[in-house]
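Could you slot chain B onto chain A? The hints should help.
Here the protein sequences line up with chains A and B, keeping their order.
Just so we're aligned: 56 in the UniProt record's numbering is position 56 of the first sequence, and the numbers increase by one with no gaps anywhere.
Just so we're aligned: 32 in the UniProt record's numbering is position 32 of the second sequence, and the numbers increase by one with no gaps anywhere.
Everything labelled a hint here was simulated from the structure, so no lab data went into it.
Not one of these hints is a red herring.
Just so you have them, the derived chain B footprint on chain A, three or more residues with Cβ under 8 Å:
{"#": "1", "stretch": "43-55"}
{"#": "2", "stretch": "66-73"}
{"#": "3", "stretch": "88-96"}
Which bits of chain B does chain A cover? Going by a derived footprint, with three or more residues having C-beta under 8 Å, they are:
{"#": "4", "stretch": "92-101"}
{"#": "5", "stretch": "222-228"}
{"#": "6", "stretch": "245-259"}
{"#": "7", "stretch": "284-297"}
Here are some of the chain B residues that sit facing chain A, going by a computed Cβ distance under 7 Å:
{"#": "8", "residue": "231"}
{"#": "9", "residue": "232"}
{"#": "10", "residue": "234"}
{"#": "11", "residue": "238"}
{"#": "12", "residue": "239"}
{"#": "13", "residue": "241"}
{"#": "14", "residue": "242"}
All residues carry an ideal CB built from backbone N, CA and C; glycine is no exception.
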Amino acid sequence: MIELTNLGVSLSGTTILKGYSLKVAKGSVLAILGANGVGKTTLLHTVMGLRRPTEGAVRVDGKLGFVPQLFQAAFSYSVIDMVLMGRARRIGLFGSPSAVDYRVARDYLSRMGVLELENRAFNTLSGGQRQLVVIAQALCSECDVLVLDEPCSALDYKNQSIVMQSLKRLNSETGVTIVFTTHAPQHGLEVASEVLLMNGDGSYRHGPTEATLTAGHLTQLYGVPVDKAEFVGSSVFTFAPRFIEAS
Amino acid sequence: MSAETLPAASLRSNAVPVTAGLALVLLLVMTWSVTIGRYDINMLDVWMILIHNIVPFADPPWTEVEANVVELIRLPRILAAVVIGAGLAVSGTALQGMFRNPLVDPGIIGVTSGAAFGGTLAILLVGGGYVALGSGFAIGLASLFVVRLLASMKGRTSVLTLVLAGVIVSAFFEAAISIIKLLSDPQEKLPAITYWLMGSIASTNYSDLLLLCLAVLPAMAVIYLLRFQLNILSLGEDKARALGSPIELVQWLVLIAVSVISAAVVATSGIVGWVGLVIPHVGRAIVGAEHRRLLPVSALLGAIYMLLVDDLARTLTTSEIPIGIITALIGVPVFAIILKRLQTSSGWTND
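Bound-form chain A, shown alone (with noise of 0.2 Å):
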């Protein structure tokens, strides 16, 4: 369970977040919307201890994996030795990874569908395979909140479908919370039992899915006007945002 109080984060004088305060049960998924420089991922920094709240307070109960923005490491490393780091905090400051260590990677390596890329240089794999990488890196500390900072930022739409089905079945297969940022509203339709619409005048709006991630409400999070397109004969919807007004 994470729950904010009255929480606000203002970074050198210039006020980022002010007065959110909710809860996301345990076993949701929450996907947070909002226009660039909003304070999203500020938000997550915050949730995930990395950032001190300046009022208010952050309650988390259970341990924090994190996912950030699609990432390059510095050095080449193995598969295997990326989602071993995972297991920082169990190794201890002077430690190695045991063999237990390794059972524990290949196992969520094996969950995410990728074992078999155990061996393959990090950097060579497509931003999908890279993705549910660190994901499995993540969920090796045993987390229990999954936190994820645009997972499918710069993703193709065959990737974004790979990390977006691997999230929905990680969530449904373990009860893991998962909380992720997105520019895309399809992501929060398809994978999200909850929404939280961060809008730049510092003012947010969250609720289920379906009863707030509507239209209007993203008209006006975007400032683009944005429809409903639904398909005749199907319960399927989509949102058809219009980035060039028809003269």
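Here is chain B on its own, set in the frame of chain A:
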């Protein structure tokens, strides 16, 4: 073939034979190094002279002069070269991992010149030895601290600011060394300081070696113990913190260990640059970047390299060439090649 294109599995599985092979090569190069020089002594005699200390031979076939050359002149400097080479290579490997930057070493980020200033100051005021070590360590560590402070903006250390901060701090300490040279007695102290700064282990005796070992070996052990943490730290500070690594502690332990090594090397043998920069790249090309496998291989490669450089230094001409000059002459072109290669390879992100 670079480390980026080699399959990681083959890098992993060859670590044990590579390490063992390099240890054997080191032993051979060490023995060979004892044989070369003005006195021609063959390898068998070298081994017999050494074994004689443990199991005395009744009627030794070598002369006393030969025994003295082996035990009092050549052996201490050979062991010093091994310790210095291993120490510098391990320092460079640790710093490159920690700063996520394959282009740093104790020289580039200002520790060496800080330690050199500390050592020079000690020579001017009291003389070398443990005082030079202590003062080199203190000022070397202080310069590292200043470089880190200058280089980090809002908790992030960028490659460019790190290197620039190193240049600034080095420039300051080089100026300070010049002032000391200006102030020192031109008949006695000035030549001593100048020659010492160029780097030499020609006059290493067992007490120098002891000082070197007491400082370098424990510091290397600390870095080796932090091998797994170095992997984590090389993913970036935020990522490492999120994974639960005590990054401030790890960073300080590495910085202190590197300062101890740099100060000990500077105090006993002057400025020996470029070893810590070049050797880790060779190591990574052979066994990959994973520090558990890389650190021992770097240490062995550094020791072998330093030994060969010292062999060149004492045999190339009739008078000794300072080793700092040779490591720079070899290191600079190799560094240039690495720089060109890194710009094209995907293994390094320019952040």
